[in-house]
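Number of protein chains: 2
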Amino acid sequence: MSAVSAQVSEARLWQRHEQLATIGATATGGVNRQALSAQDFVASRQLIQWGQAIGMHASRDAAGNVFLTLPGSDPAAPAVLSGSHLDSQPTGGKYDGVYGVLAALEACEAIHAAGIKPRRNIEVVAWMNEEGSRFAPGMMGSAVFAGARRLADIEPVQDSGGTSVKHALADAAVALDDIVLRPIGGQLAAYVEAHIEQGPVLERDNTTIGVVTGIQGKRTFQVTVQGEAAHAGTSTRAERRDALLAAIDMVQALTRRIHDAEDIVKFTVGRFTVTPNAPSVVPSSVTFSIDLRHPVSAVLRELGDAIAPICQQYAGVCEVTVKELSTAMSLEFPEAMRERIRAAARKLGVSHQDILSAAGHDARYLHEVCPSAMIFIACHLGITHNEAEAITPADAAAGARVLTEVLLELANDR
Amino acid sequence: MSAVSAQVSEARLWQRHEQLATIGATATGGVNRQALSAQDFVASRQLIQWGQAIGMHASRDAAGNVFLTLPGSDPAAPAVLSGSHLDSQPTGGKYDGVYGVLAALEACEAIHAAGIKPRRNIEVVAWMNEEGSRFAPGMMGSAVFAGARRLADIEPVQDSGGTSVKHALADAAVALDDIVLRPIGGQLAAYVEAHIEQGPVLERDNTTIGVVTGIQGKRTFQVTVQGEAAHAGTSTRAERRDALLAAIDMVQALTRRIHDAEDIVKFTVGRFTVTPNAPSVVPSSVTFSIDLRHPVSAVLRELGDAIAPICQQYAGVCEVTVKELSTAMSLEFPEAMRERIRAAARKLGVSHQDILSAAGHDARYLHEVCPSAMIFIACHLGITHNEAEAITPADAAAGARVLTEVLLELANDR
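From first to last, the protein sequence lines are chains A and B.
Each step along the first sequence adds one to the number in my numbering, with nothing skipped, and position 276 is 276.
To get my numbering, take the position in the second sequence, counting from 1, and add 1000.
In short, the hints are calculated from the structure, not lab data.
Check each hint, because a few of them may be wrong.
Derived coverage of chain B by chain A (criterion: at least 3 residues anywhere in the stretch with Cβ under 8 Å from a Cβ of chain A; other residues may be distant) [said to hold, decoys possible]: (1) 1150-1157; (2) 1170-1177; (3) 1210-1222; (4) 1226-1235; (5) 1288-1295; (6) 1358-1370; (7) 1374-1385.
Partner residues are not named here, just some residues of chain B that face chain A (Cβ under 7 Å, in silico) [to be verified]: (8) P1071; (9) T1091; (10) G1199; (11) A1238; (12) G1270; (13) F1272; (14) S1280; (15) V1282.
Think of the CB as a built atom: it goes at the ideal place given N, C-alpha and C, for glycine as much as any other residue.
Working from the sequences, and respecting the hints, build out all of it.
Rendered as structure tokens:
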């Protein structure tokens, strides 16, 4: 272990996870900390307090992102950024997102404790609304930071209670009114995000560190099937235009066709809403969602493009509209960044392997503006977006040590 | 036309339909008036006001049924009852149910205007929750009145928002607190229900009056499919226990098997509810309704008994529970009652034909406690449980005239 990563404290890092988990704690052991909620502000405030205790400067931007800066000797040079998010799913766990923020803070603790002042600033970030649980879609803060979306695009989005992002951002300005406001975006030297795997691979393979090769692509669709309401007792089969029957034919045909023997394609109909949804009425319309993911962009493109024709083919006597809601092709992180992580793991004697991220992360957007990378640690049984989510203190510390080495090297890079 | 039925006012009857249609009116020309909702209470209140204006006495029972009594000369004799319901489907029309209530009131208007006091009381009734839309199953008020179900059986039933029938009946007691409470049930001389056909036969055959021979049988079921929630991006197809996919396999298999070449079987899945219904989560459970009808009781029994085995067969990696909610075999109204309707139509020179009711009606339960009958009028294209539902003012008045003759004859019967 190097002098600097020896300063990573497994106990402190673990205790901070436990402490943040009390903010928005659920009765059954999980966390419900919605983006820009009071709980989110309390968590941000705690993060800021920890950073300020070692001389880091806090700042925030108009998109609700919160930053802590460890000053370098050349503060005008583009900074090295690291972090993730503090918001959670409604029945989320203690580690998804939080780990990446606390590991980045722990790296700054270690560098500070080792008495090292790197050349570049190192910044810790907590991105706004990664989960997309309160406001859909997710990764809003990083998208706006990276210029993929404008602030004006996200401001009108409302939560289920009718509160807009704009209104919630005004809440943030009040809750964090003493924190310096900085411009959105800016030049960066690099971005590194640590995260729990959210899959079972590392645990199963008994590997400590996952060097993330990239993030699989995702296309989402909304399908609307229009039929006609009719009386369940009197309308004959020949007369009916049953939207439910047409919709299930579509879902079945899609499920049959959009898969592969290797079980790599991820095809999910998660939302399926029937109107008027009354026992004695033939359904007049159905709206359903499609979530399609595949690591190979060409395959994702081909499979996604097949959706509308298949829906049309199975519409029968109904009408169908297929709308693509979001498109994100597969991405690959730069090999040079991945090699830095492998080198750090080798230096520390920690096992590692390449791994693809099936889930989306803020690093998707940062990848568009600077050399980016991700470090995974094992996630027990791959259970996530679930209160039973679990990691080990040793894995958390190992990941933080690798991150410390990588961030310090990037910060001293010319 | 006789002196009494000449007093039926086509204009008044039509105007009252239009007026009730403003209570719970939808933006697209229909009605959403759920049982025991504020809209239902306003409609009941309007009905009561019209009845009281001609000296009828209002009362209600603990099952939420509302009555108006036209006093006879021998008020101790069992009354003649007529009516239907004021509740609607979520995107219902202006006539289903309402017509039977307003035609009965119009008959009382005519008898009152003709200066006739019949021997027996004539009562108009608006049954609680015929549609089964807010609380399943339907025909609750008439079932409790007839003793087919106990009040304690329906009280725990909840709507989709978690409000129980018991709680909603308490709302009714507040909304109609000045209306006299009467005991549930009681001796009746006869029951006659007027209703729109909800099928295309009378219109197609250019017949004014349908003499209803009976009601086809109906069995309703609730199917619950239990799987497991999982992350849409990371869980493989092999690992998933997708409740939606299992449920649609069941619905498809049921639809394929439960039908006949003659298109007599009516099989409908009208309600289909997915949990957690989130785009990025593999569905953990699905609950769906089955509405099965057939005029031949033996066939209904056989087809209904096949449902649970078919669901089990297609459950795959999920678990399935099939619960039968209601069972009603086919019934035939007494020929003597049917002949009274034919005789009245002949007397008035109105065309008529025998017809089977494919839809269920409150008359099903009243048939168990007193001689009952139903009078149908034409329904445009058979479109019903639909905002486009339509009848003509002339047909409405013709049906009310036949009803007037029949009710007066029954009320004067020894």
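Practice task
Three residues minimum, CB to CB under 8 Å: does the region 1150-1157 of chain B make the cut for coverage by chain A? Let me know.
Solution key: violated (count 0)
Exercise for the section: Answer holds if the nearest beta-carbon of chain A is closer than 7 Å to that of S1280 of chain B; otherwise answer violated. Expected result: holds, 6 Å
Handout entry: Proposed interface contact between G1270 of chain B and chain A, which counts if any beta carbon pair is under 7 Å
Key = It holds, given that the least Cβ distance between G1270 of chain B and chain A is near 5 Å, below 7 Å.
Exercise for the section: Mind taking a look at whether chain A covers the region 1170-1177 of chain B? Criterion is 3 or more residues with CB to CB distance under 8 Å. Expected result: violated (count 0)
Problem - Outcome, coverage hint (the region 1288-1295 of chain B, chain A; C-beta under 8 Å; three residues) - result: holds (count 3)
Practice task
So, P1071 of chain B near chain A? Judge it on the closest CB pair being under 7 Å.
Solution key: Hint on P1071 of chain B: violated, closest Cβ of chain A at ~37 Å, above 7 Å.
Handout entry: Satisfaction of the A1238 of chain B interface hint, Cβ to chain A closer than 7 Å
Key = holds, 5 Å
Handout entry: Residue hint V1282 of chain B, partner chain A, criterion CB-CB below 7 Å
Key = holds, 6 Å
Exercise for the section: Would you check whether T1091 of chain B satisfies its interface hint, that is, whether its CB is within less than 7 Å of any CB in chain A? Expected result: holds, 5 Å
Exercise for the section: Check, residue by residue, whether the region 1226-1235 of chain B contains three or more positions whose beta-carbon lies closer than 8 Å to a beta-carbon of chain A, and give the verdict. Expected result: holds (count 6)
Problem - Given hint G1199 of chain B near chain A, where the shortest CB pair must fall under 7 Å - result: holds, 4 Å
Exercise for the section: Examine the region 1210-1222 of chain B: at least three residues should have C-beta closer than 8 Å to a C-beta of chain A. Expected result: holds (count 3)
The earlier numbered hints that this structure contradicts are 1, 2 and 8.
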